[in-house]
Amino acid sequence: MKKILLFILAINLLASCNKDFLDLKPLNLLSEDVVWQDEKLINTFVTAQYNAIPHGLDGGGDVAIYSDEVWFQANRGLGWEWATDAITADNVTSMSVSFNYWATAYSYINNMNVFFEKIESAPVEASSKNQMIAQMKFIRAFVYSRLLWNYGGVPIIDKVFNLSESFQGVTRNSYQEVLNYILSDLNDAIATLAAKQTGANAGRASGDAARALKARLLLYDASPLNNPTNDLTKWQAASDASAALLNSGYSLYPDYGKLFLIDGNSEIIFQRYFNASAGTPFNSWATTTGSNGRGWYTPTQNLVDAFEMTNGELPFLADGTVNPDSGYDPSNPYINRDPRFYATVLYNGAMFRNYAIEVYPGGRDLKPGNDASTLTGYYLRKFVDPAQPIALGNYGVNPWIFFRLGEVYLNYAEAQFQLGHEDVARTYVNLVRTRVGMPDITESGAELLVRIWHERQVELNYEGHRFRDVRRWKIAPQTESLPIMGTQAALVAPGKYTYKPVVVSKRNWSDKLYYLPIPRDEIIKSGNSLIQNPGWQ
Amino acid sequence: MKKFGLYSPSGHRYAVIKKGLIIVKITLLLILISTFNLLATDTYSQTARVSLKLNQISLKQALKEIERSSEFYFLYNNELVDVERKVDIEAKNEQINTILDHLFANQGVKYTVYDKQIVISPANMPLPQNVQRKIAGKVTDQSGASLPGVTVVVKGTTTGLITDGNGNYSLSNIPENAVLQFSFIGMKSQEFVVGNKATVNVAMVEETIGIEEVVAIGYGTQKKTVVTGAVSAVNFKEISVSPTPNLTQGLAGQMPGVIINSRGGRFGKEVTDIFIRGKNTINDATPLYVIDGVVRNYEGLDRLDPNQIESITILKDASGAIYGSQAANGVILVTTKRGIKGKPIIDFSFNHGFAGPARQIKMADSYTFASKVNLENTLKGLAPQYTDAELQKFKDGSDPVKYPNTNWYDETLRKSRSQEKTNLSVRGGTDEVKYFLSLGMLNQDDPYIHGFGLNKQYNMLANIDANINKNLTVSFNFSGRLDDIITPFLNDFGDHAIQCFPTVLAKYPNGLYADGRGSNNALLMVQDKNYGYDSYAKALITNTLGAAYNIPWVKGLSLSGSYSYDYYKEYQKQYYGDAYIYKYNETTGEYVKTRASSRTPTPELSNSWTQSVVKTAHSKLAFKRTIAEKHTIDAFLGYEQSKTDVVSLSAGRKQFISGAIQELFAGSSDKNQQSNSGFASEAAYQNYFGRVLYDYMNKYMAQFQFRYDGSQNFPKENRFGFFPGISAGWLISKEAFMENVPVIDHLKLRASWGKMGNDKVAAFQYLRSYGFGNNYSFNGTVVSGLVQSGVPNPNITWETARTTDIGLETRLWKGQLGLEMDYFYTKRENILTKRNATVPSYVGLTLPNENIGSVENQGFELLLSHNHEINKDFRYTLSGNFTYAHSNVLDIDEVPQQEAYQKATGMPIGSYMVYEIIGIFDDAADVLRYPHLAGTAPGDLIRRDANNDGVINSFDRVRKGLTSIPEIQYGLTLRVGYKQFEIAATLQGQARASVVGLAGVTSFYEPASVGNFVSWFAEDGWTPENPTGTRPRPGLYGQNVGGTSMAYFNGAFLRLKNAEIAYNLPKALLSKFNVQACRVFVTGYNLISLDALKDLGIDIEMGANPDNLTPDRIINIGVNLTF
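Same order as they appear, the protein sequences are chains A and B. Quick note, the first sequence lines up with residues 1 to 537 if you use the working numbering. Quick note, the second sequence lines up with residues 1 to 1123 if you use the working numbering.
Honestly, the hints are just simulated from the structure, not real lab data. In this text, all values refer to a predicted model and were calculated from it rather than measured experimentally. We treat Cβ as the ideally placed atom computed from N, Cα and C, and that holds for glycine. Heads up, a few of these hints could be off.
A few chain B positions that, by computed beta-carbon distances, are all more than 10 Å from chain A [as the list claims (entries may be wrong)]:
| id | residue |
| --- | --- |
| 1 | N377 |
| 2 | Q385 |
| 3 | G428 |
| 4 | T430 |
| 5 | F478 |
| 6 | V554 |
| 7 | S681 |
| 8 | V743 |
| 9 | I892 |
| 10 | N953 |
| 11 | V1080 |
One side of the interface only, derived from the structure: several residues of chain B facing chain A at Cβ under 8 Å [what the hints assert, rightly or not]:
| id | residue |
| --- | --- |
| 12 | V958 |
| 13 | K960 |
| 14 | G961 |
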């Protein structure tokens, strides 16, 4: 009997109560107090915030896919609302992150506010602390810049909310307030950060990165959309900001095509690095279907027509007829074009991955058998490294360049033109053209401005500029109401093709499209203290 | 209530049966009588005194009054004893004999008192007239053990007796044409024609729908008649086991209130949805699985071996409250078989099934496809892709190599493949030790033609109970399950199989793999292991050691405890190697070998290994006793704790030089091509629980149960919650006034209310923490990032469900008709959701889940059953169930929608918004007549301008209330027995559901740029020649049907889920081979389906995820042997 009782007791003892039984700690998470006492962990927190800045090698391709440069073949699912004018403040949240940036931006802004609150008392050496603060200021400035460009003035949130307080009553700061806030951050970053980050730090925020952002920001600020009175001091500020980078040790990389494939080349001011274990899908997504890529980023005829002939003449006149001076042959349209055309566009007959692209019915790259053959008749070559493997995973390692000297030259040229220094403007545009062997421009006055704008369209294509440029120049009502065009090649005899323009998508412009809508939910949740952008109510 | 008595001509024994609840006592008594020749112990009858004063009432009434005022009860046959005559009684503290002597004076009636039982019979029963012969025999149970106490009656007479202690009987003076009836409580009555036989041996078969059926109710069992909660039980002896290897799927349609849908899935990894009474929460709504008393949530029921299961019980209402914080979604209790006393019974079963897809997606053929490509091109202003001559070749198939018609499903899917299920078990025991041991095996062939896939499963179970002494019982339960699964890498299979053009070959005539779809050849994918595969080796070992001790000093008090140790391991391996397709060069005539497009540029392997250990201990102090034969108390208090520890390791290497060895070490030795990781987590529960069942005379029942539950998921202050459940039942049929309603055998009203919790949320949401992630590359090197967790919610706690249930059960006409009805109402509150409506994104906070949502769910269930035994050869049962459950979101902190018809609040859980399609634009003029999207052309979808603002945009999306979870589910099971044959069939149906039939299969009907499409689009498709076509034009740019009502189909269906024909071989034949029973059968699964997706070839339950396999149709042949 005793044995039995012992047995019973033993069984029950196993199940005996233990007061601390439920006091478990997560085994995969760090507690808050540990993090903010440890410099390395804080630095790790800073690192994560770099992801706040969208790059163009993910699905969204920055904002290029919403412009007239590239027709994003896969946006049948992703962005059809944009293509069919069905976009509203309600469904804008279904768009890609660079376009629908609101929530992402503020989530990172909150992270940075947490950082600024905690860093004060963190036991970290001052020099190291200042470097981290300056990096965070740069990132914060970049985030607010993108908000400013997307939405105009937005609320400046500089505190960490807690869940129990009221979130209503937040209002939008003015465009100018946000701009000043960004500039103040950038000036602090410029003062603290090394002009160039090298070695293991390459890719971190640098003084020059801050200068380049400032240059773009001030150029946009001086542009017609934000400068209706054409206040020349704004152009001067823009010019000064760009000038600060003209002689800072950067040079135009001689090969326009390779420029986008080589990390840390001489032209790059600020880039995002990738490596094979954390790459981008871009390479596979952009590669032609005939090479087992997805062929999603298809340049438009609108972009193709913007490339000049090697003689510097545009193939078409403003009225759409062939420019008789250009030597353009509609039956052989891809000869004698600006070398940047060949570095950007894969057209019927272009050599790529060891064969000539076939973009005609029955051709290898317009053949049934892939999810998306091109509708425009073109595929993208820019940013695509033929040496990289085609695989479904993220294996692309080429950089995304946020700022490069070529842009700075064109920023400077545009500002100098507006300040009346046409010769300086021409010089810098021509520097960009000389790199690819295009003849100098000689125009002046309004014609020169058109050349400068045109040069940006060509030189900076697919880098996220066009969408914003047509808006700030206020030429969007013209450019954005043109249909997205493509071409259809037909094989008529061996090696002989005909080309026929096709409308890929009709577009309508409305002035509300100068800015994106703030998500409708946000306005309601603010208690209507946020005011929606015009036309989106 | 009808009573009858039996008279044995041998004179001195009376055996009496009275239907009803005293039946058990009688049985016991009968056994006593037959075994010990009845020692008359007149203690009660000598001591008891009765006082009564009654005038001019019937004898029947008088006897009833005596029963009521004493513990005596009477047994008589009202055909032999006149109980309607009026009598008077006047007794003061009289012995029963005195009263009875008075009542029966000069009536030719005698009575015999067996303690409290009094048998009344005619004093001189006439002997049967035609005195002829003698018959004897032995009665046994199924296992062959002798059965004492079985009533043996000559049909149509009162001649009869009961079997003796060895199960023997002997009757003389039997008419030649006599039919012997054998009956025994809990067993099916049997009849045998005596004919000229001198011996009739009978094996009694257990009654399946016995009134004393016992059901598991969580930490105990209860007689079904007195259960007060809403409980559905499946006894595995009753259902025809479905041939599907997945038990969950096999149960579909069998139980009211249990909604089961097969969502397709992968080979060896079927996806099944199981919801108890619909979906009650926007969060995890899966029920709690308790297997042999221990919470075991490993893959639900999916991979259990039905041969090892005794019963499955579903607790649907407050009866689940005993499982407290985990019970809100319902509780599924699985009880495995245990040993029973008797000589060993060896069961062997073997099943061989032929399985094939029940549906196959109907893709357009090459001619249709090519025609639509041309139409799409033409509509875009492009040149047609195919010439008329080419179209003709596709159409007539005259050049099958250059102009093939490839159906990628036909190419890849096997129409029929084998599966085998084998089980061997032995069950038996002595007074001291009882055992059940079982080994099951399952083997399924790959669903793909010449595929390399594998699905093997082994289930081993051992349940042992030992009586150490008269008060102590110990038990040990062991179960082991091994799964070996290999599947092709299928993530893109559906895409390829669907979108790949029918105009290209899968394989060249010389047997080389063709290009397929951009070097993704669906056939290569499933046939060449090097293309990539997933393999899983899983093992689940569960052990429970338990002991129960009857504390001798207090009658009815017992102490029990158990300790369980569950070990689960999963080893996963994913390999992508080099596989090749061949591109034919027409000019050179060469086949150019090309690496097939894969997920990885070089061969790579990733491995992961996860183990989970769950230790559960519980102890229970229980008290069960019946006091004064009226008040039964069954109560206990328990304590339980469980701890889960999970660890995981993973590693990978790239750039395998050779695929010959697919293990880590053989990968690249470059550190940059290697990776590894690992993690750990732990979880714990601690709780106290108890229950009191009170039962007055099996007539009035009440129950209270509770659980005081603690979960580590929540902060200390909110960690413990109290979950009570109460219920009550009234067995109306037990009331005296019901005796005049002979039709009703059983009538019970029951009601319950309870509070339960759902804690299936991420742990530690109350802590502010940081985790590694959001990495970034500097200078080409990945640098770790650190991510702050969301805002902690220090108040986080469980969801709570308050459930009310009212039920009515009845059984009429001796069990011929059974009816159960339940109404239920559940209000789920504290649902964890984010404060959507109030917290704007600009505050930047990652919101925690907060207990703010609420949802109500109500409906009713109906269970109807009908048993009929027409004659000894022909019997059938029919059982139907019906469930209606409708959920309604009360509050999810929804942002006010711009349009009232977009509100999710007030709609069922899972409601969704779509553009309503009201037609197809016929022509250009038609387009102008109605608001449309930019770029709309004839043949495009007409979206309804829901807010009539003349513009089509997101505000025109309309919310739909029907979801993939049906509001109505019903089932019908028919079982017919004719002689040695049995036929069974189960119909399963559902209604008020909506399924996505198109979105997943082909969102984009763009043949020229995307690929093939379901032929549904082409049938009555819009063309310039057919402007009134009801399906859109090809090349609907931006007119993705996915977000429109066109993609959704009525989810109602009626299917013949299971059907079986079985034959039981005659015993006479079997006994020659020492086999006790042999049953051969043919079973079918998923045989017929009536639904709206037939034309698309899509299975209605699985919806349209093309990567998942369609549920199978299975034809199975099998044999069960019992030794």
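Among all the numbered hints in the text so far, which are the ones the structure does not match? Of the numbered hints given earlier, those the structure breaks are 1, 2, 7, 10, 12, 13, 14, listed in rising order.
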